[in-house]
Amino acid sequence: MCRSIATRPSSSVRLQPDVRLKAVATIPIAIVIALAFAACSSKPEAPKPSPTYTLRKVTLPDLSHAAPSVQQQLRDGYTALQKKVDGSATPPEELGAAYGQMGMLLMAAEYRGEAESALLNAQTFSPRDPRWPYYLGHLYKLKGDAANSIAAFSRALELQPDDVPNLIWAGEGNLDQGKPDAAQPLFAKALSLQPRSVAAQFGLGRVALAKQEYAHAVEYLEKALLLDPLATVIHYPLAMAYRGLGDQAKAQAHLALRGTLALKPDDPLMRRVDALLNSALAYEASGADALDRGDFKGAADSFRKGIEVAPKEPSLHHKLGTALALLGDGRGAVEQFEQAIRLDPYFVKAHYSLGVIQASTGQASAAIRHFTAALKAEPGYVEARLQLAHALRRGGQPDAALPHYAEIVKADARVPEARFGYAAALIQLRRYADARDYLTEAMRVYPNELAFANALARVLAAAPDDRVRDGRRAASLIQPVVAQVRARDILETMGMAQAELGQFTEAVTWQREAIAAAEKIGERGIAQRITDNLKLYESRKPCRTPWRSDEPIEFQPTGGPQAIQSPNL
Amino acid sequence: MAGFSRPSEKRKARAACLAFFFFAAFIAACTSPPPPPAASAPAGWFTEGAKETGLDFVHFNGMSGEFYYPEIMPPGVALFDYDNDGDLDVFVVQGQMLGSKPLGAAKPQPVGSLNSRLFRNDLKSGTLHFTDVTAASGIVTHGYAMGVATADFNNDGCVDLYVTALGPNQLFRNNCDGTFTDVSKASHTDDAGWSISATFFDYDRDGYVDLFVGNYVDYSVAANRQCFSLSGSLDYCPPHVYRAAPSHLYHNNRDGTFTDVTAKAGVSREYGPALGTIAADFNGDGWPDLYVANDGQPNQLWINQRNGTFSNTALLAGAALSPEGEAKSSMGIDAGDFDNDGDDDLFITELTGQGHDLYVNDGTGTFEERSARSGIRLSSLPFTGFGAGWIDIDNDGWLDVVTVNGAVTQNVEAIARNQPFSLQEKKQVFRNLGNGQFEDATKAAGSAFAVPEVSRGLAFGDIDNDGDLDMVVGNDSGPLRLLINNVGNRKHWVGLRLVLGGPEKAALRDAVGARVAVTASDGRTLWRRAHTDGSYASARDPRVLVGLGDASGPVKVRITWPDGRVEEKSNVPIDRYTTIK
Chain A
1 MCRSIATRPS SSVRLQPDVR LKAVATIPIA IVIALAFAAC SSKPEAPKPS PTYTLRKVTL
61 PDLSHAAPSV QQQLRDGYTA LQKKVDGSAT PPEELGAAYG QMGMLLMAAE YRGEAESALL
121 NAQTFSPRDP RWPYYLGHLY KLKGDAANSI AAFSRALELQ PDDVPNLIWA GEGNLDQGKP
181 DAAQPLFAKA LSLQPRSVAA QFGLGRVALA KQEYAHAVEY LEKALLLDPL ATVIHYPLAM
241 AYRGLGDQAK AQAHLALRGT LALKPDDPLM RRVDALLNSA LAYEASGADA LDRGDFKGAA
301 DSFRKGIEVA PKEPSLHHKL GTALALLGDG RGAVEQFEQA IRLDPYFVKA HYSLGVIQAS
361 TGQASAAIRH FTAALKAEPG YVEARLQLAH ALRRGGQPDA ALPHYAEIVK ADARVPEARF
421 GYAAALIQLR RYADARDYLT EAMRVYPNEL AFANALARVL AAAPDDRVRD GRRAASLIQP
481 VVAQVRARDI LETMGMAQAE LGQFTEAVTW QREAIAAAEK IGERGIAQRI TDNLKLYESR
541 KPCRTPWRSD EPIEFQPTGG PQAIQSPNL
Chain B
570 MAGFSRPSEK RKARAACLAF FFFAAFIAAC TSPPPPPAAS APAGWFTEGA KETGLDFVHF
630 NGMSGEFYYP EIMPPGVALF DYDNDGDLDV FVVQGQMLGS KPLGAAKPQP VGSLNSRLFR
690 NDLKSGTLHF TDVTAASGIV THGYAMGVAT ADFNNDGCVD LYVTALGPNQ LFRNNCDGTF
750 TDVSKASHTD DAGWSISATF FDYDRDGYVD LFVGNYVDYS VAANRQCFSL SGSLDYCPPH
810 VYRAAPSHLY HNNRDGTFTD VTAKAGVSRE YGPALGTIAA DFNGDGWPDL YVANDGQPNQ
870 LWINQRNGTF SNTALLAGAA LSPEGEAKSS MGIDAGDFDN DGDDDLFITE LTGQGHDLYV
930 NDGTGTFEER SARSGIRLSS LPFTGFGAGW IDIDNDGWLD VVTVNGAVTQ NVEAIARNQP
990 FSLQEKKQVF RNLGNGQFED ATKAAGSAFA VPEVSRGLAF GDIDNDGDLD MVVGNDSGPL
1050 RLLINNVGNR KHWVGLRLVL GGPEKAALRD AVGARVAVTA SDGRTLWRRA HTDGSYASAR
1110 DPRVLVGLGD ASGPVKVRIT WPDGRVEEKS NVPIDRYTTI K
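Chains as they are written, first to last, in the numbering used here: chain A, 1 to 569; chain B, 570 to 1150.
For the record, the hints were derived by calculation from the structure and aren't laboratory data.
Just so you know, these numbers come straight off a predicted model, no measurement behind them.
Just so it is clear, CB atoms sit at the ideal spot from N, CA and C, and this is done for glycine as well.
Be aware that a few hints might be false.
Label-pair ranges, simulated between beta-carbon atoms [as the list claims (entries may be wrong)]:
| no. | chain 1 | residue 1 | chain 2 | residue 2 | range |
| --- | --- | --- | --- | --- | --- |
| 1 | B | GLN678 | A | SER154 | 45 to 51 Å |
| 2 | B | ALA761 | A | ARG75 | 45 to 51 Å |
| 3 | B | ASN909 | A | ARG75 | 55 to 61 Å |
Looking from chain A toward chain B, a few residues come up when the C-beta cut is under 8 Å (computed) [said to hold, decoys possible]:
| no. | residue |
| --- | --- |
| 4 | ASP292 |
| 5 | LYS376 |
| 6 | GLU513 |
| 7 | ALA516 |
Using the sequences and the hints given, assemble the complete structure.
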């Protein structure tokens, strides 16, 4: 067991037995020392002469559940990657790019685990390329992994300190951690680099709000709104800032203007990922994003690409039609809506959209047909029922419109327009007493909607039915409305009320102001028509026509939350 | 060792071998594998014990590859004392097959009958054990059940059940003899929409609880829409694909019937796809208000106008949207005084990437969202939370938070690995540090929290009557879980059952909505509320359990009863339950 082992290298000396034993006794100690040094030493190995890379395995997952177009795209991407990887002379930068491209594709397809591996490999091969840690930052953010997300964005910032979207996302990350003080310089730097960045300005406002520095929050958020008045989501935090300052009135005013679309920085790198995937839904999503940004042409392009991938998807045709309508191409829009209906005769949104276009171009019968079809497929489709009711009423069928308005009022109290439409139908049917009672109730339900007060005042001032008219009540109703809004129709109502009270001089004054208001906004045709009432008042005669036969009776919302949001795309 | 002829050689040889052994040991020490695990660590704050105690139930959601939206929403659970024997029984809802495919097409297949279940707690026998008494109870749920609310709606001293569903909801009147009668139609509460959460609360303070039913979206299986992931695989739809359905408020007529007063009360003017609902006096005026969490649309804070109507103040109150102005998904909700300043604050669970919400009340019904500052937001970002609630786990007097989680869209990578229904997530615990901050204490909570499941309903209650709050978790297409608290009763506590009613014991009922201020012997005053609602589609123990920490003396209690009367009691004993009438 205890064998003799030569301790002197390259020596062939024969040892005597007692020396051999001594040698045996010293060997374990020597080995202990040597091996202890080797095993317990923490000295790093000397660097190798050529770089070695620690890589993660990137494999293609089972794609059988994915759309065929996506399957092909991912397979092609993987093949391209493999070619680079298998090439013996592929420079690291090319490998980095290949892994990065694959990572972006996998990220777009939501294979986040494999995407992470690919992007980490890309980062390994191209450690100076800021794209890869940037995409990793977004990937981790999508997974809810805030710590790694922030770390990745920070790495990217080290490589590209002046990248504005990265500064903003890093700022967001700090806000997520409850560190507004750390977020502040990031947003500030982004703003200094891009003074028109709404997202950076918005970020500073949110930092101030988080720190309860309400005056600063107001300052930053007001500036953000000035930069982009259409970024209506800003109104809510701005309202909170005014609330913090104790200014409830301004807070309420901003709440009434708030929108719901999230505010994101302009992010070209992420747009590349969003536009990468060859799937119908990806094109639909990027098109919808473009619509939200107001990029109608970009939206149309995305929807067209989606149609190339999925030509029989009615939703894509409908969305393309919407984009074309917004671009002013009514004919193109109609073609797409009709194609959506051909593909799916029960596609309610297409029926609705087609009906809206037809109603706006005076094709009342066709519009009614399509709204009716939408309701047949989805009886609870409130917007379609409302538009149907409008189309019937405006098309000279107010009695047919009544039950539809009533149905909406019963089912959904969020729609003051339906209640107004019902009253308008009653007025068109000359049922002035019923209209008076209905509008009185509507005012109770919607005290902030001036349209009801205006309509009721007009009925009370000018209805041909003596039993309905009440000039004093009309005047008391319209006076506070006029104090808020000096629109042409409201000024006319005031004139009617004054005339009913026998105050013809005042009525003439109000009517002249109404004419001037109409001319000011280019309503010359209307100005001409309402001159007739002016002549009546000058002849000291009251008005007995609350609305002229050619005058639409339409709801103008003046306060409170919007009744119904448009159907989501 | 072979042949050494001399003793000195023997000694030297021994020395050499000893040295060798030392060398071997030295090397082993330097390069040894990790030491073996220490003797088993403490079990964690909670221990899971459903199956062992007889709570043998697996939820069936009827999934068959069609991705019907309702499959991902249930089940709610309830803890309530149906037989008035002083311990909490368990009720859990069950699903059904959806669409036209036969039962055999479902994957996985159901375990047991397709009926919701009532389990009687046999604690009085000495050990925690449950017996399935569904058949004897007469409870038969017909539709695809979603959740449950509990209260004594007819003031007969026995707690009744309201089951929400896709389709007509059901009200089961407790007959006080172990059986229930379905009085849905007779009571006019068979709301036919897709209802998820419901709240019993006495909004007009007339002594009879009224009912708010939260409806989700306008949905039918026949009109189910197909939705896809970005890569084109079939998936569950998001809520905006459908229209929100209006919720309903029912006034209790005190004769076994209810009247729909939704429009009259003004709560029809604004609504969204309602998920969580809770009643509490948010503005401190003594009248119960109502908070409704909507999925993807602004939440509502219905402030009681004290005249039968409500006004939604959520926007200006700062409780409708995220600080950035976005409407979040808002599933589970609870109201509780986490900062011990005398008013109820709101905690709401959200989707992955959104972060849960902490709306801090200033006492007037005005809120500030502080999830990021408190530490909750960061830890909650990876999760999609459903059932949630304030719970003083360790009875230190500071309310902690538990959330049970589960995704709502498929993980495409899991699909690629042929894992159907890949929505599983772990549960979470946030421990209140007492300074406005929370820490993620999930690891300490026990191994049950590390098991990924598709969790939805969560009910709190002292199931073993040992002075700390336990939990029951309803898992979608998964087993019921019973989480027994191991740590709370190591600190002092006081348990209060607040009841209303006549002199006969039979007529006593829980004073839902009563608020209580408990002043401990160390001078701290802690506010709590008797309620059964909150969380997600679930109902909890209405008894008030207040952790006192190390304060060992009796407490003073100040009760604000639902009708507004205020009463004080001194020298209420601790470490036991006391009934106060």
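Tell me the hint numbers this structure goes against, listed in increasing order. 4, 5, 6, 7
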